[in-house]
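J.: Residues per chain, in single letters:
Protein chains: 2
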Amino acid sequence: MAAINEFELIDRFFRRPSQSAVLGIGDDAALVQSTPGHEIALSVDMLVAGRHFFEDVDPESLGYKALAVNLSDMAAMGAKPRWALLAGALPHVESDWLAAFARGFFALADDHGVELIGGDTTRGPLTLCVTIIGEVPRGKALTRGGASPGDAIWLSGPLGDAALALACHSRRVELTASEFESCERALLRPNPRVALGERLRGVASAAIDISDGLTGDLGHVLEASRVGATIQLAAIPRSAVLGARMHGARRAVAIDALLAGGDDYELCFTAPAARTADVESVGRELRLDLASIGVVTSGTALRVEDEAGQALERLPRAFDHFADY
Amino acid sequence: MAAINEFELIDRFFRRPSQSAVLGIGDDAALVQSTPGHEIALSVDMLVAGRHFFEDVDPESLGYKALAVNLSDMAAMGAKPRWALLAGALPHVESDWLAAFARGFFALADDHGVELIGGDTTRGPLTLCVTIIGEVPRGKALTRGGASPGDAIWLSGPLGDAALALACHSRRVELTASEFESCERALLRPNPRVALGERLRGVASAAIDISDGLTGDLGHVLEASRVGATIQLAAIPRSAVLGARMHGARRAVAIDALLAGGDDYELCFTAPAARTADVESVGRELRLDLASIGVVTSGTALRVEDEAGQALERLPRAFDHFADY
Chain X
1 MAAINEFELI DRFFRRPSQS AVLGIGDDAA LVQSTPGHEI ALSVDMLVAG
51 RHFFEDVDPE SLGYKALAVN LSDMAAMGAK PRWALLAGAL PHVESDWLAA
101 FARGFFALAD DHGVELIGGD TTRGPLTLCV TIIGEVPRGK ALTRGGASPG
151 DAIWLSGPLG DAALALACHS RRVELTASEF ESCERALLRP NPRVALGERL
201 RGVASAAIDI SDGLTGDLGH VLEASRVGAT IQLAAIPRSA VLGARMHGAR
251 RAVAIDALLA GGDDYELCFT APAARTADVE SVGRELRLDL ASIGVVTSGT
301 ALRVEDEAGQ ALERLPRAFD HFADY
Chain Z
1 MAAINEFELI DRFFRRPSQS AVLGIGDDAA LVQSTPGHEI ALSVDMLVAG
51 RHFFEDVDPE SLGYKALAVN LSDMAAMGAK PRWALLAGAL PHVESDWLAA
101 FARGFFALAD DHGVELIGGD TTRGPLTLCV TIIGEVPRGK ALTRGGASPG
151 DAIWLSGPLG DAALALACHS RRVELTASEF ESCERALLRP NPRVALGERL
201 RGVASAAIDI SDGLTGDLGH VLEASRVGAT IQLAAIPRSA VLGARMHGAR
251 RAVAIDALLA GGDDYELCFT APAARTADVE SVGRELRLDL ASIGVVTSGT
301 ALRVEDEAGQ ALERLPRAFD HFADY
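Chains as they are written, first to last, in our numbering: chain X, 1 to 325; chain Z, 1 to 325.
These aren't lab readings, by the way, just hints derived from the structure by calculation.
Positions of the beta carbon are idealized from the N, C-alpha and C atoms, including for glycine.
Hints may contain errors.
What the simulated footprint calls covered on chain Z by chain X, stretch by stretch (three residues with Cβ under 8 angstroms from a Cβ of chain X suffice, anywhere in the stretch; the number is not a length) [unchecked claim]: (1) 30–36; (2) 112–121; (3) 126–140; (4) 272–278.
Given these sequences and hints, build the entire structure.
T.: Okay, structure coming up:
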């Protein structure tokens, strides 16, 4: 292969005419201008091959997902994503791989009006690091700390399919080909709820995105808000694939996927009971089946009630990037 | 070892009371407020073990350097660094290692008033990714594209010592223990020229920091500015250690280190001849030996003249993170 240096690589696949930035890719830093009256929201996620994705994942899906998980963080803040920085270590340089990765990344970026304004590439074990920069009207961000006893707890969509795809990979559950296909789609192409996050400003009292599993992520909201919660297992939205495993030999796997699966990137948010009609209206407007799954309580305990109203004795642990390695 | 999850890790070593951010570490994103009349400067660098640093490097130096290379990008833009995000993959969890890394990182961050506002940690091959966010008065950023024929070319300090330390590691050059110590200090503890970058706003016509080597990085300025340059080898600042190798058997290694060594993090900038007194005044004020090493020319060629005024026939290549692996 002819020697291609990293600058040429960046140019070829990732540099596009600057749209909304004062200065885009190609200098020591990018320059942007923030919108008056807004705060800047910033988040970073690192994805490591063999840990967050399979090394042989199709690169177009990987490009999509590397951005999607960051857009989901903006959604959880009620922020509008504007710009992104992409750093990556690659074990080797392959034009086709980079082209497909860029295709997946930019397809999602374009859907959300996000501009790639900078980055860094190097050789190394396959690792991706996306920094997302968004904006939110001053004081209007959705944080984890605003939930109050009595608030309803909502989910933006079904949980657990991504975890089922992984469970099938590791042979903890069997799926038909078409079941696996739909679960794998949830794993590879999560739909960040950006529009929902923006519409929940002034409606939701707290929000988080489900990246590490419902009980763990909801737990962060409860901790930050110094409250507890009771949720109904039966109320948690799920696919038909997962629902079919809730009774029988695979029930434990299905419950784990639902409560602690992670990689779902749905929003979990709380809203005062008085705002239920507003939440439902937002759901209709965005064509999302928003589901009320429980209620915020005083105290600090998270209680998950099964179909008979009994509290689950053991809550599956949240996904921990260290402990679960 | 007792199980420590990643959230506890982050809390223990990296979460500190928020200073200048609206919302710091601990939510789905950080929130900051930009200063009116300013643009936001953003840059990211990824450092991979075995490529940008030795896997067994002392973690305090690594913490320092991971931030230093990013501060250097802000310096090269004339931006004031304000906030940072830190993402890291770690092969295992060691409290002592993390504590030392955090010590090095925060020592430099505190020197520059930079606040760590977010991050991400995961298990994986040792990799660090720092995003730096700074501010620069609107329209005042130093870019690579402003050099004009006749401008003087300046360097903020000596080049090549970091490369000599690496050359000694790989036995391409022999250094005494004290020589190695001073070169290794240049490699591990580069001094980002942030104050200089800020003072050069309105004085310099273009700027870049020397991360990949002088000829390569100056080459980026020439390309962006569509100009050429002639520089004098003899005028390039160097340490006594490197100077002692410029004559004799190691001259080729010394010239390579000086012209293409990389990892120096000095600023290279251009300024109109009429601003020479202003540049010298900034140098005196900041106690930096700013050196004029050549002049911007029309055309696009970079000519490096040796001590006898002869053009070097072969310019050492800039460091390329792919090709040189």
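J.: At a Cβ distance under 8 angstroms, does chain X reach at least three residues of the segment 272–278 of chain Z?
T.: violated (count 0)
J.: Do three or more residues from the segment 30–36 of chain Z put their C-beta atoms closer than 8 angstroms to C-beta atoms of chain X?
T.: Satisfied; 6 residues make the cut.
J.: Counting residues of the segment 126–140 of chain Z that have a beta-carbon nearer than 8 angstroms to any beta-carbon of chain X, does the count reach 3?
T.: holds (count 8)
J.: Do at least three Cβ atoms from the segment 112–121 of chain Z come closer than 8 angstroms to Cβ atoms of chain X?
T.: holds (count 5)
Of the numbered hints stated above, the single one contradicted by the structure is hint 4.
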